[in-house]
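> Please work from the sequences and hints to get the whole structure.
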Amino acid sequence: MYIASVLVTICANVVAVIGLALLTGYTGMFSLGHAGFMCIGAYAAVLLNKYFMVPYVFALILGGFASVLISLVIGYPTLRNKLRGDYFAICMLGFGTVVRLVLNNMNNPITNGALGITNIPKLTTLWSALLFMSVLVYFMWNFVNSQYGKNCIAIQQQEVAAEMMGVSIVRTKLLSLAISAFYCGVSGGLLGFWLQYIAPATFSDTRSNDLLATLVTGGTNSITGPFFAAILLTTMLEYLRFLVNWRLVVYGLLYIFIMRFRPEGIMGYKEFSFKKTIQFFKEFPQNRVKIIEKLTQSLEERTKKKNRRSDNRE
Amino acid sequence: MTILIQQLITSVSVGGLYAVLAVGYALIYSVFDFTNFAFGGVMMVSAFSGYFVSSAGFGTIPAMIVAIATGIVVSIAIELLAYRPMRKRNAKRLFLMISAMGVNIFLTNLYLSMFGANLRTLSSGFISNTVTILNVQIGTVDIAAFLTSVVALAIISFFLYKTRPGITVRASAIDVSTAGLMGINVNRVSLIVFVISGITAAIAGMFFGMKYTVYPGMGAMSTKAFIASVIGGLGSLPGAVLGGFLLGILETLVTGYISATYRDLFSFGTMIIILMFMPNGLIGKGDQSKL
Numbered sequence: 308m309y310i311a312s313v314l315v316t317i318c319a320n321v322v323a324v325i326g327l328a329l330l331t332g333y334t335g336m337f338s339l340g341h342a343g344f345m346c347i348g349a350y351a352a353v354l355l356n357k358y359f360m361v362p363y364v365f366a367l368i369l370g371g372f373a374s375v376l377i378s379l380v381i382g383y384p385t386l387r388n389k390l391r392g393d394y395f396a397i398c399m400l401g402f403g404t405v406v407r408l409v410l411n412n413m414n415n416p417i418t419n420g421a422l423g424i425t426n427i428p429k430l431t432t433l434w435s436a437l438l439f440m441s442v443l444v445y446f447m448w449n450f451v452n453s454q455y456g457k458n459c460i461a462i463q464q465q466e467v468a469a470e471m472m473g474v475s476i477v478r479t480k481l482l483s484l485a486i487s488a489f490y491c492g493v494s495g496g497l498l499g500f501w502l503q504y505i506a507p508a509t510f511s512d513t514r515s516n517d518l519l520a521t522l523v524t525g526g527t528n529s530i531t532g533p534f535f536a537a538i539l540l541t542t543m544l545e546y547l548r549f550l551v552n553w554r555l556v557v558y559g560l561l562y563i564f565i566m567r568f569r570p571e572g573i574m575g576y577k578e579f580s581f582k583k584t585i586q587f588f589k590e591f592p593q594n595r596v597k598i599i600e601k602l603t604q605s606l607e608e609r610t611k612k613k614n615r616r617s618d619n620r621e
Numbered sequence: 522m523t524i525l526i527q528q529l530i531t532s533v534s535v536g537g538l539y540a541v542l543a544v545g546y547a548l549i550y551s552v553f554d555f556t557n558f559a560f561g562g563v564m565m566v567s568a569f570s571g572y573f574v575s576s577a578g579f580g581t582i583p584a585m586i587v588a589i590a591t592g593i594v595v596s597i598a599i600e601l602l603a604y605r606p607m608r609k610r611n612a613k614r615l616f617l618m619i620s621a622m623g624v625n626i627f628l629t630n631l632y633l634s635m636f637g638a639n640l641r642t643l644s645s646g647f648i649s650n651t652v653t654i655l656n657v658q659i660g661t662v663d664i665a666a667f668l669t670s671v672v673a674l675a676i677i678s679f680f681l682y683k684t685r686p687g688i689t690v691r692a693s694a695i696d697v698s699t700a701g702l703m704g705i706n707v708n709r710v711s712l713i714v715f716v717i718s719g720i721t722a723a724i725a726g727m728f729f730g731m732k733y734t735v736y737p738g739m740g741a742m743s744t745k746a747f748i749a750s751v752i753g754g755l756g757s758l759p760g761a762v763l764g765g766f767l768l769g770i771l772e773t774l775v776t777g778y779i780s781a782t783y784r785d786l787f788s789f790g791t792m793i794i795i796l797m798f799m800p801n802g803l804i805g806k807g808d809q810s811k812l
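Each protein sequence line maps, in turn, to chains A and B. Throughout, the working numbering is defined as the position within the first sequence, counted from one, plus 307. Throughout, the working numbering is defined as the position within the second sequence, counted from one, plus 521.
Derived by calculation from the structure, the hints in this document are not laboratory data. Some hints could be false.
[Claimed, not checked] Every beta carbon over 12 Å from chain A, so not counted as near; a handful from chain B, in silico:
id, residue
1, K613
2, I664
3, I695
4, T782
5, I794
[Stated by the list, open to error] Under 8 Å between C-beta atoms, here's a sample of chain A residues computed to sit facing chain B:
id, residue
6, D393
7, F549
8, W553
9, Q604
[What the hints assert, rightly or not] Derived DSSO-like pairs (lysine-lysine); straight-line CA-CA distance at most 27 Å:
id, chain 1, residue 1, chain 2, residue 2
10, A, K612, A, K589
11, A, K611, B, K613
12, A, K612, B, K609
13, A, K457, A, K612
14, A, K611, B, K609
15, B, K683, A, K612
16, A, K457, B, K613
17, A, K597, A, K611
Don't be surprised by glycine CBs; every beta carbon is placed ideally from N, CA and C.
Structure (structure tokens):
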């Protein structure tokens, strides 16, 4: 049961982080309030299921669409005028805060203010969570490798050049915001039906930061990187329960060090693929000498570069 | 009527502090083109050291001095340890922003773990005093906050517009790399900018601590400074000042006449509405309006 709980949390986190990976990693927009979308998705899904008897799967998907709707409402005015990324980041921070504030102060029997909704039926099972995760990851994989995904990368690399090549910047940004909101909404729903209890505090700023930390650790330019990072960090969290608040201290340091020494994250710009890994290990015994030679060569080049740089400085 | 006047006076003093904070924000933004999310952390750390000094029995003035010194040291340490190595590698702005987030999370949670989430009152000599002028009661803290922020703003603008180092800062704000080519020592400019922002953070932190309380989460207040500088026009100093005062007035009026819980809703809402109609803020005019 304990392991199942960890696994479901991993699935929910993977879904949310993959959604954020499209927005922050591929399109290059920085969001500080994606927990707000998780919150909206969770509330919408749970309320639909409780009061309108919508079946579980549809409730999750509709919860996702509720997030999409809100994301368009907030995204259109902030993205329309080609606002700089910073405006967008602060708008998203405001959005996350506002969602939590409004839900905290809505003292009606339906949402129950700061106390949150209790007695939610436990509809998320390990298998449904795994299924949702794999389907959503598959969709995202296809999206990122499609023309739309390439448009997103183009915008991240050079906005002006992308526009010159005919990529509609506002539309692409809105699309990636909407998709990431959908993923976060579904992830919130998954969590809500598993924990059987949701409150505005469940989706605090800490969760937004956790999402971002996971993404950064995994690498902002791949899908597999954040995927593995979500698994790694969520399991690590279970082992680090005793740290309580120090966990976030470690997270902060993690951000700084990753950005300082390896800004592209664990996977960098590469994607993990089984074929290449298997091939690597199959050919390893024969190519051992070659690989070692290659490594030493690159090391030598690096030290040479460093020397040259220090020479120039002098 | 008296209540309205009292509200307005409080709002001007809060607005002055927002303006000081927003100037610190806008300076870094205009020179290095990234949002320094670590600003709130610096503010919190310096408010804490001011609190420790004043609770050890020293007066308000030594506390203020220690707070400012802490602000400068922390701000420069962050610049040297986190930002400068990244700028050397020509890191993307997104990476700088994430690193700044990391610094903020690190500082906030470090203090939270070390000192707990308790609210601490920063006792000062004049916190409980009020002055009555024409039936209007004004807190002495409000007056001190307003005067200090006006003086600080005046000194900063004198420095930026009339002195040699200030001119190098303004030149770098227009284009850092060209300024570097023209023989301006960009590393020194960055130190100047971070020193100024550390001082503004410490001043605002001390007065927020005296008016309200000191606690590890108080860095969130610096979000308001960011809103203020966005309203005024990101990167523009007069804009930051204007935005700070406007936001202070708006927030106090909303708190006084509507509800304190919806204060943040109104500030973020105003920002989004202003951005919808004036994407460069109230007096920003694009890139030329810097400093």
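> Is the Cα-Cα distance between K612 (chain A) and K609 (chain B) 27 Å or less?
Given pair K612 (chain A), K609 (chain B) holds - Cα atoms ~15 Å apart, limit 27 Å.
> I695 (chain B): least C-beta distance to chain A exceeds 12 Å?
Its Cβ never comes within 12 Å of chain A, the nearest being 17 Å, so this holds.
> Would K613 (chain B) pass as off the interface with chain A, using Cβ distances and a cut of 12 Å?
8 Å, violated
> Just double-check I794 (chain B) for me: nearest Cβ-Cβ distance to chain A has to come out over 12 Å.
8 Å, violated
> Hint check: K457 (chain A) vs K612 (chain A), CA-CA at most 27 Å. Holds or violated?
Violated, at about 33 Å.
> Do the alpha carbons of K683 (chain B) and K612 (chain A) lie within 27 Å of each other, as the hint requires?
43 Å, violated
> Interface hint check: W553 (chain A), Cβ to nearest Cβ on chain B, cutoff 8 Å. Holds or violated?
5 Å, holds
> Holds or violated: is the Cβ of Q604 (chain A) closer than 8 Å to a Cβ in chain B?
23 Å, violated
> Would the pair K612 (chain A) and K589 (chain A) pass a check requiring their Cα atoms to be no farther apart than 27 Å?
Answer violated: K612 (chain A) to K589 (chain A) is near 33 Å, above 27 Å.
> Grab the minimum C-beta distance from D393 (chain A) to chain B and call the hint holds if it beats 8 Å, violated otherwise.
It holds, given that the least Cβ distance between D393 (chain A) and chain B is near 5 Å, below 8 Å.
> Min Cβ distance, F549 (chain A) to chain B: is it shorter than 8 Å?
13 Å, violated
> Can you confirm whether the C-alpha distance between K611 (chain A) and K613 (chain B) stays at or below 27 Å?
Holds. K611 (chain A) to K613 (chain B) sits at ~25 Å (cutoff 27 Å).
Consistency note: the structure conflicts with the earlier hints numbered 1, 4, 5, 7, 9, 10, 13 and 15.
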